[in-house]
Structures are given as C-alpha cells and as structure tokens.
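Residue numbers (UniProt numbering), protein chains in the order written: chain A, 1 to 377; chain B, 1 to 331.
It is possible that some hints are incorrect.
Among chain B residues calculated to face chain A with C-beta under 10 Å, some are [as the list claims (entries may be wrong)]: (1) 62; (2) 84; (3) 143; (4) 148; (5) 282; (6) 308.
Don't read these hints as lab results, they were simulated from the structure.
All values reported here derive from a predicted model rather than from experimental measurement.
Even glycine gets a Cβ: it sits at the ideal position worked out from N, Cα and C.
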Amino acid sequence: MEGMAGQKSSLAWAVNISAFLLVLLWTIPTLGLFVSSFRDRDQISTSGWWQSFSGSEQTGFVRSGVAGDQIQQDGLYVIEGSAVQGTQALKAWGTGARNPAEYQPGDTADLGDGISLTVAEDGAYRLTSAQPFEITRGERIFTTTVSPPSFTTENYNRVLTAGGLGRAFMNTMTVTIPATVIPILIAAFAAYALAWMQFPGRALLTACVVGLLVVPLQVALIPLLRLHNELGIGKGYLGIWLAHTGFGLPLAVYLLRNYMVGLPREVIESARVDGATEFQIFRRIILPLSFPALASFAIFQFLWVWNDLLVATVFLGNTREQLVMTGLLRELMGSRGGEWEILATSAFISIAVPLLVFFAMQKYLVRGLLAGSVKGG
Amino acid sequence: MELLWLAVSTIAIGVFGCVAWFWGSNWLLDRIFPPRGGKAGDNIRRANQIRPWLFLGPAILFLGTYLVYPVLDSFWRSLFNANGTRFVGADNYVWLVNDAKFRESMVNNMMWLLVVPALSTVFGLIAAQLTDRLKWGNIGKSLIFMPMAISFVGAGVIWKFIYEYRASGETQIGLLNWIVTQLGGEPQIWLTLPVWNNLLLMIVLVWIQTGFAMVILSAALRGIPEETIEAAILDGASPLQVFFKIKVPQIMGTIAVVWTTITIVVLKVFDIVFVMTNGQWGTQVLANLMYDWMFRGTPDYGRGSAIAIVLMILVTPIMVWNIYNARKEVR
Chain A
1 MEGMAGQKSS
11 LAWAVNISAF
21 LLVLLWTIPT
31 LGLFVSSFRD
41 RDQISTSGWW
51 QSFSGSEQTG
61 FVRSGVAGDQ
71 IQQDGLYVIE
81 GSAVQGTQAL
91 KAWGTGARNP
101 AEYQPGDTAD
111 LGDGISLTVA
121 EDGAYRLTSA
131 QPFEITRGER
141 IFTTTVSPPS
151 FTTENYNRVL
161 TAGGLGRAFM
171 NTMTVTIPAT
181 VIPILIAAFA
191 AYALAWMQFP
201 GRALLTACVV
211 GLLVVPLQVA
221 LIPLLRLHNE
231 LGIGKGYLGI
241 WLAHTGFGLP
251 LAVYLLRNYM
261 VGLPREVIES
271 ARVDGATEFQ
281 IFRRIILPLS
291 FPALASFAIF
301 QFLWVWNDLL
311 VATVFLGNTR
321 EQLVMTGLLR
331 ELMGSRGGEW
341 EILATSAFIS
351 IAVPLLVFFA
361 MQKYLVRGLL
371 AGSVKGG
Chain B
1 MELLWLAVST
11 IAIGVFGCVA
21 WFWGSNWLLD
31 RIFPPRGGKA
41 GDNIRRANQI
51 RPWLFLGPAI
61 LFLGTYLVYP
71 VLDSFWRSLF
81 NANGTRFVGA
91 DNYVWLVNDA
101 KFRESMVNNM
111 MWLLVVPALS
121 TVFGLIAAQL
131 TDRLKWGNIG
141 KSLIFMPMAI
151 SFVGAGVIWK
161 FIYEYRASGE
171 TQIGLLNWIV
181 TQLGGEPQIW
191 LTLPVWNNLL
201 LMIVLVWIQT
211 GFAMVILSAA
221 LRGIPEETIE
231 AAILDGASPL
241 QVFFKIKVPQ
251 IMGTIAVVWT
261 TITIVVLKVF
271 DIVFVMTNGQ
281 WGTQVLANLM
291 YDWMFRGTPD
301 YGRGSAIAIV
311 LMILVTPIMV
321 WNIYNARKEV
331 R
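Just chain A, with the same shape it has in the complex (with noise of 0.2 Å):
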C-alpha cells in the first residue's frame, strides 16, 4: 500500500514539473518580448533579455584626462576623475587592450616613467607622477563593469508619441470594429433561417456553408481587388469592411447555426402559435438566448481582423497614412530589423489589446472553437 502511495505521488510530482516545463516553455518567447520592451536599445545589444535581472556586464575604455587637468598634491602631479558611469560597479580594470581586465580596483598599476595609475572601487581614478604631465592625449583606462538591473518605459515613451504607431492603432481600430458587428447581423439572420425555417434546399445552402468555411483567402484576392476597383469602391475602408464581411461570414453563419439548431423548440413554437411574426421571435427570443454563440464569433472575428494582414494589405493600401499595426510591425522588420527596443515595443502594444481580449474573454473563446469543431466532427 505504501509502495504505492509513493508511487503515486512521483508521478504527481513527474506530471506537475512537465506540465510546469510545458507551459514555460510556450511563455518564454511572449515573456522575452515583453522583457525587452523595457530595456534600452544598448542593454538590447549587449546582453540577452533572460540576463537582464542579474545586471549586465560591459567592458569598454575611457580616457583620463589631460596635462591641463592636472593638479599639484603633495609635490605630485595628479591627474583625477571617474572610470565609470552613472550606477555601473566597477568589476576589473587594466591599462591595454590586450589584457583589459589585469587589476582589481584598488590595485595600482606603473605606467613607466615613475607615473601610476590607482583605480579604486567606485570608479575613481588617480593619475600620479612625480613630473608634470604634458601629454595631450589621455591614458586610456580599460573597465569591465557591472550594471545594476534596470528598466525603462523610454521605448513606450517614444513609440507612442512618434512613429505612426498610434495612427496604425486608429487604423486597425477603424477596420476592426466595423468588420466584427456587421457580419454578426447579418450571419444571425441566416443562421435562424438555416436553423428554425421550413423551405426547400435548406439543406443544400448549410452543406455549402461548411463547404466556403476552407476556402483560401488567397483565392478571393485578385478577383475582389479588381471587382472593388469596377465599382468604384477602391482601396479603403469600405472594401476592407465588406471584404471581412465576405470572409468572416461562413464561420459566423456556421457557429450560430449550430447554437440556435440546440435551442429549445417549444419556445419558438409557442411564440409562433401565439401569432408572433418571424421577425419578433427572432429578435425577442432567438438574439438573448443566443448571445453565448454570439459573443463566441464576435471574439473569433476581432481577433482574426485585428491580427490579420494579408486583407489589409491587399485592400487597404500600404502608404504610411493607411498602414494598420500588422502592416506597420512588418515595415519595421524590413527597415529597421536592428532597433529591436523599436520592434519590441510596437509588436508588445500590437498584441495587448488581442491579449487582453483573449484573457477577458476567453471562456466564450473556447466554447465557440468546441461548438464550431467537435460538432463538426
């Protein structure tokens, strides 16, 4: 019995610590992002975002000052400043580039010519010399130094005030909106009559909507492009809405279909015994009761608009004025692939609103993939 007790509880502790690796392992990539959007461009460039708790390491060289600097001390000619910057800890110092690391601080090194170099532990230096110095040029003084941790909000700062990142969050928002309420309304109409009405090549009509639901986007771009372009309609917002409209409408019809088909038929017969038209039952009974299946497409369409960049790319135009924040993160990996603190932070405020829609949400999320994919099955 005890044997398997502890049987027991090692696989408990096994399946915990693989769940736990699991899940680590699918958040690192967000979390590194997340990281490097609240450091500087050279703490990006330096070290690596996993590394920015435990403070960083640089090594690099100043030059001490010059003859004019210099002052007399006790019959000395000395020569004082600091090493190091702002928070930085002074790890190791040295005096050539081959060995920059040669003294600990507080060591004095000689420099020849009776003139020595004392580097303490904050970072001030000391040049001595029993001559006056005459050189023009400063010592050059290696540093291995430590920065503490350290995080910024400079990159949101920047990001949010320049750089068209708000107008491209206008732009997605303008698209997004209007491309998840229209095509909810017009799906729900479908879907009650898919789902409650009596009329011939009912069934039909619902094996092609299963059918439109795989269909590639790529195959509607040249036709609709040019179709728009016939009608006057162009590229701009109108056709970007109403291409959404198009693509989004098979799963919408779909999904609703398949939620209003489970509603409770006596309450739809009896409204309509009770001499409700079509039209009342559909707005008083079957919009409430369906809001759960609603709400789930309304998720699924927002976050496939917002996140969507292929349509708008195509449809939208891809002047600096029309980009939308999909549009625009790939602008800057094409021309400003280095600025990584840049990129960080856009693709950070890109993702935080599907983000925060997805954690608000989520429930109905998953309902809504449950309903359009177990049943289907």
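Dock chain B against the given chain A, drawing on the hints supplied.
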C-alpha cells in the same frame, strides 16, 4: 478623430442598414400578403415561402460575391496571360509544373503539412492530459492557449528575436544561439540555414496552434466515460497504458478534426513566411509565392491565379470530408 467618426458612423449605418432591410422587407411582405382577412391561410403560406430568402438574402449575396464568385473568376483568370488579355489555356499550369520556385514551394508546403499538424496535435494532447487534473491547470492552459491571440506578424517578431544572430564571440542576444553557444556550439544564422530554417518557421505555427489543439482535445478527454478508465485501472493498466490504449482511441474522431483544421491553416500559411524570410533561402510556400506573382514588380494575374487554384485544389478533399461529416450529423 476623423477616423473614429468614420468607424462609428459606418457601424451605425451598417447596423441600421441591416436592421432596416430585415425589418422593412418583413414588414413589406406582411403588407403584400396580410396574414388576416379572407385569404389569410393562403397569404401566410406564401409569405412563409418568401420569408427565409429575406433572412438569407444579405448572407447569400456576400457569400456569393466574396467567396463563390472569386473561386470561379480565379479559375477563369488562370487560363489567361499576365494582364488577362489573351487566352493561353493551360500554359500557366504547365509553367508552374516546370518552375523551380513552385516546386520548392510545393515541397515546403508538404513538409509544413506533415510537421505542423502532427506536432501541434501531439503537443496539444500532451498539454491537455498533463494539465487536466492539476490545481493550476487552468492557468497553465490559458498560458499555452495565449499565442492563439497573437498575430502571425507579432509571433514573427517574437521568434525572430529568439533566432537572432550575433557573430561568434559577441554576446548572443537570441535565446537559441545563446543556448547553442552555452553548450559549446557555434552560433548560426538560423533563418538562412537551408531546411533547418523551414523547421524553425514551422515551430512558430506549432507554438500558435498547440493551444487550439489542447482546448479541443481537453474537452474530448473529459468527455470520455469514467467507467472505461476505472475498469482499465482495476485491471492493472499503468497510467501510460490508460492514456494510449483507452483514452486516445476514444478521441480519435476529435483528433482527426483538430488535424484537418490545422491542415487548413497550414495550407494557407502566409504571414509567418512573409515577415520572417519572405521565401528566401529555400523557405518559399505557395501562399507567399502567389503574393509575389500578384503584387511584386509587374503583376502576373494569370500565374497568381493559377497558384491560388492549386491552393484551392489542395483544400478540396478536406472541404468534401467536412461537408460529408456535417451532413451525416444533420441526419
């Protein structure tokens, strides 16, 4: 600010327009065939024949214009030359078959098709099983599910940062190269490394899709009747045996659904390749190849459409299978 007004007024117009159409057309129908008076019965019957089409009208119009018509038009256009002025028959398809980039894309797409659904489903299944009975299981699930909400472009940035390369000897700021150098290896420019770069791009999609697989499979696992599991445990089955011999066979149907759903996503994969390598270094895929022909340099609508039709043909088996299943369920 103007934009916001535009958006708000569009919503208002759109919503108002929809409601006006549905309400107005129904009202009109009731005026033409009043459900009272001498011919009430006849009128109600007629009105009920027409009404479904009023409800369905806008949806059919949109589906027809934005999905059905484009498929037909793309096919028609794929039989024409670059600017659609000359009928060339199957020339575009013949050209495709002989084009090195197209063949590369096909091979890559097939690799994506094998790797991504398989890995996502396996990881999803593992995640579903592991987090099932844990106290913090729901939080864990949320975190694994989270990448689902991140755009492919955002994911591209996230992973490009992980694959970032710095010359040997410099501090590696990309996690992957850092791990490699810590283990004593040489840092690599991962995204230009043939074949490996494909795998690294696939990992991005696996990362996104695993959460989806997990959510669906986790629900399926919970739906398994307890008795079957209890019986197996009483018979002395080990936890692994219970999982592989009792649980997995019972959710095969759901696994198939997850697999095909991810397959569809994979076939259409575009953004990840577009932003991370743009199809260079042997990572081209069909959707990006098509974008190239359509929108880069001088557009070639004939060839672009032909590639789109190839994509359409590739999803058709799944489409048929889905319809078959849906109809089976309706009956």
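Comparing the hints with the structure gives:
The closest approach between the C-beta of residue 62 of chain B and any C-beta of chain A is roughly 5 Å, which is under the 10 Å cut-off, so the hint is satisfied. Interface hint status for residue 84 of chain B: upheld, as the beta-carbon distance to the closest one in chain A is roughly 9 Å, under 10 Å. Given the 10 Å rule on beta carbons, the hint for residue 143 of chain B holds: about 5 Å separates it from the nearest Cβ of chain A. Look at residue 148 of chain B: its Cβ gets to within about 7 Å of chain A, closer than 10 Å, so that hint holds up.
At its closest, the beta carbon of residue 282 of chain B sits 20 Å from a beta carbon of chain A; the interface hint therefore is violated under the 10 Å criterion. For residue 308 of chain B, the interface hint holds, since its Cβ comes within 10 Å of a Cβ in chain A; the closest pair sits about 4 Å apart.
Hint 5 from the list above is the single one not met by this structure.
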